[in-house]
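J.: The chain contents come next:
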Amino acid sequence: MTGLDSSPVEPAPVDLPPLTEQTRLEAREIMARYPVARSALLPMLHLVQSVQGYVSPEGVTLCAEELGLTKAEVGAVATFYTMYKRRPTGRHIVSVCTNTLCSVLGGQRIMDALSSDLGVHHDETTADGSITLEHAECLAACDYAPVVTVDYEFYDQQDVESARELVAALRRGDKPEPTRGAPLTDFKGISRQLAGFSQYADSSAAAAAIDAPGALGPTLVGLRLAEERGEAAPDMPRRSASSSSGAGAAEAAGVESAKRGAPEPAGRDTGDGRTGTDTPAGAEPGTSGQGPGKA
Amino acid sequence: MPLTPVLTTRWGAEKSWRLESYERLEGYAALRTALSMAPEELVTLVKDSGLRGRGGAGFPTGMKWSFIPQPKPGETPTGPAAMPKYLVVNADEGEPGTCKDLPLMMADPHSLIEGVIIAAFAIRSHFAVIYVRGEAVHAHRRLVAAVEEAYAAGYLGSDILGSGYDLELVVHAGAGAYICGEETALLDSLEGYRGQPRLKPPFPAVAGLYGAPTVINNVETLASVPFVVRGGADWFKEFGPEKSPGPKIYSLSGRVVRPGQYEAPMGTTMRELLEMAGGVRPGHELKFWTPGGSSTPYFTAEHLDVPLDFDSVAAAGSMLGTTALMVFDETDSIVEATLRFTEFYAHESCGKCTPCREGTYWLVQILERLVHGKGTAQDLDLLLDTCDNILGRSFCALGDGATSCIASSLKYFKDDYVALLPPEEQARLGRTLRLEPVGAAS
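So the sequences go chain by chain: E and S. In this text, residue positions in the first sequence follow our numbering: the first is 1, and each later residue adds one. In this text, residue positions in the second sequence follow our numbering: the first is 1, and each later residue adds one.
Just to be clear, a hint being listed does not mean it is correct.
Claimed, not checked - Lysine-lysine pairs mimicking DSSO-like chemistry, simulated, CA-CA at most 27 Å apart:
(1) S/Lys47 with S/Lys352
(2) S/Lys243 with E/Lys71
(3) S/Lys15 with S/Lys72
(4) S/Lys352 with S/Lys200
(5) E/Lys175 with S/Lys15
(6) S/Lys47 with S/Lys243
For the record, the hints were derived by calculation from the structure and aren't laboratory data.
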């Protein structure tokens, strides 16, 4: 893993869009977001990928130059992460979850069918440059299993036929609506978003992406069931600013009006009479027991 | 127990991810309260609430905040107390089966942001980062938009709501690496390195991001904080058991009639949750399930009445993890399921330590030949021996987690493994098969 320029899988395509001065300026904009510039490296790799469709030797060089790192240092990072591609990608990246849960519900069958239809295997791109196919690890959508993503937008509850149709449409140049997510752009566009920039030409397109509705059955199933059954969380205590004690209809009414009123005044109590000053600053952090679980 | 929507309560509202909806539904009310309190009071309030981390480890949140070294009155601070403090949100949801933080960030990103501001204020931090899994593009998009809205409304930036408190919040996208959900690997990744875990101690509370004191909290944990502030510690403790209280998002997936997110008090049982989800699909029966993702030992039908809270699940031999309840029925092969999970760990092992890097590789080889009917009589013991050499010997919890599904499947479903052996190998099977690796009891 000594950098991408020493081991290109294939020569850079001749029609590769060049990284420009604009790319450098945007890289510096990312660097300025953080107290330490190197924190910008991951978003910068998304940025160079958004221009060229993969992390090219040129992209590695740009990141290295801007951050004062060696190309080997940047290459070591770029090769660690699944989302940085080492070869030019297709216009869209189709990811099929084949982790256990999606797999038992049909994810592996979907992957096999798409692989057969497209004539490519994992991490390969169709000859027409339309699609890069990959199998993915858990995409955190198990309640919508089995899932396929295109440019990481969710197509939920897929089966072999729906996934085949999806991919056929993509190859025709269509962009079927995701079931949860924004209208598709392409892999380069989504890489630009991940670098922290808008990929849209205007604010209405950006707003449409943010507000894109989705079929949210599993997300809302518990909430809807609670409504149906009339179940709810215990009521929060009604706390008035004067924190008077006692109960009864009169007070409840008073609290209701206070609730609609102005912001809470400074100096209100915490609601249960504590003064709250016993924080042991600097208390033996070595005993915190943090981890080893995933925090 | 009944359903108790708290964190999920706004999810069905019209454009629930927009500031306008959030404010209409009492959003940022807790922030106004919090900014009128002393930071120490907030730490105490969260301690008193009993809130424990929702990312899997269950560490008490208020205590974690209290470990941040703060300057003492009247003294010139030195060491970590003199350094900037950081708050980092672990939004790198990727534990197989886990799907609670992404829907939360999509449906209600402002609740996370409000929790971030309150937590940052409590630990006296002026720079916070939400590290979102790279593949989670829709959640990332809505978070970025919500952060912009929050800046424009004066909830972020300088002199927040006229309080004099300043906070910058950056949404940072990862790039596809499960290991970055481990908090110190996340910090390395956030600093622009390969995401590999760090040796602890020092803990992040003393030497975290850029070597400075850092709190790392999970999304659901921080989204709970505004409710603790609004409802108070006593209200929060009305949910579930005394030692791990609060509402909890349970994510059911797999062979159930209505998979999805069910928010109920900590300590709700799988029997109750299955009833809510319409049960196992008709004509089939439950075979095995995970209480909290693939890193938590499997449970079976025997465990339907275990209260799903941190302590009860641990006492029953597994871990609450991320309350990712993957349900499998009698048509699903436990050995194949275990192979898939093991392939996942082998792929995601960061390579830093030998037991995990090599061990997960070998576990895949053994499980593959078992699944393909080419196993040998020694293979079951070999699996356990390999687990022995990973569990407790790995650099971080990824390696430990990789052994959970193997050890627990052999414990409960040894016959399923044996049935995959060729007949001549079955005949040679040793009589002394151990049931779980050394030290697996915890």
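J.: The structure should be examined with respect to each hint, and the outcome stated for every one.
T.: Comparing the hints with the structure gives:
| no. | hint | verdict |
| --- | --- | --- |
| 1 | S/Lys47 with S/Lys352 | violated, 35 Å |
| 2 | S/Lys243 with E/Lys71 | violated, 51 Å |
| 3 | S/Lys15 with S/Lys72 | violated, 45 Å |
| 4 | S/Lys352 with S/Lys200 | holds, 15 Å |
| 5 | E/Lys175 with S/Lys15 | holds, 24 Å |
| 6 | S/Lys47 with S/Lys243 | holds, 11 Å |
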